[in-house]
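**Student:** Whenever a hint applies, use it, and build me the whole structure from the sequences.
Line by line, the protein sequences are chains C and U.
Residues in the first sequence are numbered consecutively from 2, following this note's numbering.
Residues in the second sequence are numbered consecutively from 2, following this note's numbering.
Note that these hints are calculated values from the structure, not bench results.
Check the hints yourself; a few may be wrong.
One copy or two, it doesn't matter: identical chains are merged, so the pair holds either way.
Subject to a maximum C-alpha distance of 30 Å in a straight line, what follows is the list of computed DSBU-like cross-link-like pairs (lysine-lysine) [what the hints assert, rightly or not]:
no.	residue 1	residue 2
1	Lys149	Lys119
2	Lys119	Lys320
3	Lys272	Lys119
4	Lys149	Lys269
5	Lys325	Lys110
6	Lys269	Lys189
7	Lys110	Lys185
None of the values given here were measured: they were computed from a predicted structure.
Number of protein chains: 2
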Amino acid sequence: MSDNTRNIYDIARLAGVSIATVSRVVNGSDKVSEKTRRRVLQVIEDEGYTPNVFAQGLGLNTMHTVGILVPDISDLYMSTCVNFLEEELHANNYEVILSCSGFDLARKKNHVEMLLNKRIDALILVGSTYAGDGRSSAQTDYIRDAAKSVPVFVVNGLVEGDNVYCTVCDDRKATRDVTTLLIKRGRKRILFLSDSHSYSAQQKLAGYEEALTSNGLPVLGELRLALGNHEIRCVRDLLLQYQNLAFDAAVAVEDTIAVGVMKYAAIKGLKVPEDLEITGYNNSVVSIAATPELTSIDGRVEEICHETAARLLSVLSGKTDVEKTVSIEPLIVRRSTTDF
Amino acid sequence: MSDNTRNIYDIARLAGVSIATVSRVVNGSDKVSEKTRRRVLQVIEDEGYTPNVFAQGLGLNTMHTVGILVPDISDLYMSTCVNFLEEELHANNYEVILSCSGFDLARKKNHVEMLLNKRIDALILVGSTYAGDGRSSAQTDYIRDAAKSVPVFVVNGLVEGDNVYCTVCDDRKATRDVTTLLIKRGRKRILFLSDSHSYSAQQKLAGYEEALTSNGLPVLGELRLALGNHEIRCVRDLLLQYQNLAFDAAVAVEDTIAVGVMKYAAIKGLKVPEDLEITGYNNSVVSIAATPELTSIDGRVEEICHETAARLLSVLSGKTDVEKTVSIEPLIVRRSTTDF
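**Tutor:** If you want it as structure tokens, here you go:
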């Protein structure tokens, strides 16, 4: 078979080497053994593969393809990620195939398989849900399996494995920092609101609890609210049901949750930030739409995506010294719902 | 070649017929000529294609695939669409490949080609940008070309052509209705704010102007603001620059634009809705995050997506009497920024 639809992925598979190795051979790198080099060149010749055309991304069949998997594309954080990744990859002659897996493990596995079947050159998993709960490695075995075929990049989640590259936001530090700032302002009963059990949500909770403990405040179960979702009105209505829950600050894992707390405060006649300080997370459009504007943690999604795309391009171009894990430090964007 | 990776698309291509025809043959429909039926069955036999397994969506290689193209996945309206479409298609054993084309015609064409090369069974284009400006048919020729290979479904845009199916929201009626309501409330200088020249934006403008004209009010160029984008703060700051622009109501083509007007009103000390009534569009999370909550037009994205998916499934199952164009009537969601 010598049609011109063979891509670098096919050559790598047929030669039994990684894409990076094929790329090295094509680019004349001296980091490949003579034996491997010969085998790859033989496959390239047998298959009529024209690496230069592919490398330059000319024409349609010559575009490289990256698969991106998200659990839920209607989520603002994730759709923003996909947008940044798509822009950067497209500028480098990579096409993007996106698929939505939901949060169920079996479906995640199916979707990864499906993307691998589409002859992708690399796989990006967006969101900490792909890192499982961070305890059982069985939840992430399918990622290590996928990484045997193509390099895998996890956005905002930590997964260990060969050929798996992670870019994370230090969520733990972020909630530790804002909680500490609230404590220094004299806040004593700080509510923590979360709608998820993801690795990222756990990190945020850990940061909140660390701040309490290291400042001599008790960690109270009643101040840790687990929500069914992050819809503004649901959060507001849930809080209204708690008759005797007193709190003087609220740390939310998502901006819409924080706005739900603001709506609750308005109904209860609580002044923000005087009676109640509130912080959100993700620095989304909602934090600016709210009145007063919401203090929020900026997870620096653009930097995370840029870091992911840059390392992906490095790996696919054959570089071997690419960092496995990069941690981006979040920013606290101070607006009008806090006094710190 | 008789491996089990052949799909309905391959069979259709090899037999020189549409997917719908293959489906009809497989399902024993009598709407296929005997000659065509024989040819399709011969190809199915030659290729070792097992339609029942495919039809039931068992296993990974057996999933059908639908390509979805959006200009900008970080846009709330579009990511919501994709989410609804993906859910519904997945429930019917279709996988989704999503691609982001931007707004440039050449890139749109490239992305459609790329998706067709991924062996999709149908193509969905999300957003009125794919309908061009509604004047030059040259802007949509690539859609009719694509429809020669697979059925094409346009979400919220009108494109005429064989094998092209459209689901639109009656945007014109929506802005005509809200503008009329504002006029009946006594509003005389109603601002219209838009950030786009898409077909949808033109329809919204036409509805606004129709309401003015049919109520004997002048159509004034100074009250028609063309914005560079729909970011809340940009809209607010632009309005603050207009020193002498007086208006007593504002109709925006996007919720974030309307919230920008609300932020402007807050700075100018204008009371909403007493001094200034404001309506948004899309009924997004932003309309609920705002204070007061924003009256918005609900384009009924879920119904539009459901209607699109239902007709897509009908066409692919071989039905021939599927409606070409379906118009969904939008709803006005009254909240606290208007008095009607």
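**Student:** Decide, hint by hint, whether the structure agrees.
**Tutor:** Cross-check of the supplied hints:
1. Lys149 / Lys119: both (16 Å within a copy, 23 Å between copies)
2. Lys119 / Lys320: both (24 Å within a copy, 29 Å between copies)
3. Lys272 / Lys119: Classified as neither; 54 Å inside a copy, 55 Å across copies.
4. Lys149 / Lys269: So Lys149 and Lys269 fail the 30 Å test inside a copy (56 Å) and across (60 Å) alike.
5. Lys325 / Lys110: within (22 Å within a copy, 37 Å between copies)
6. Lys269 / Lys189: Classified as within: same-chain Cα gap 20 Å, cross-chain 37 Å, threshold 30 Å.
7. Lys110 / Lys185: Result: close neither inside a copy nor across copies, 45 Å intra and 57 Å inter.
Comparing the model with each numbered hint stated earlier shows that hints 3, 4 and 7 do not hold.
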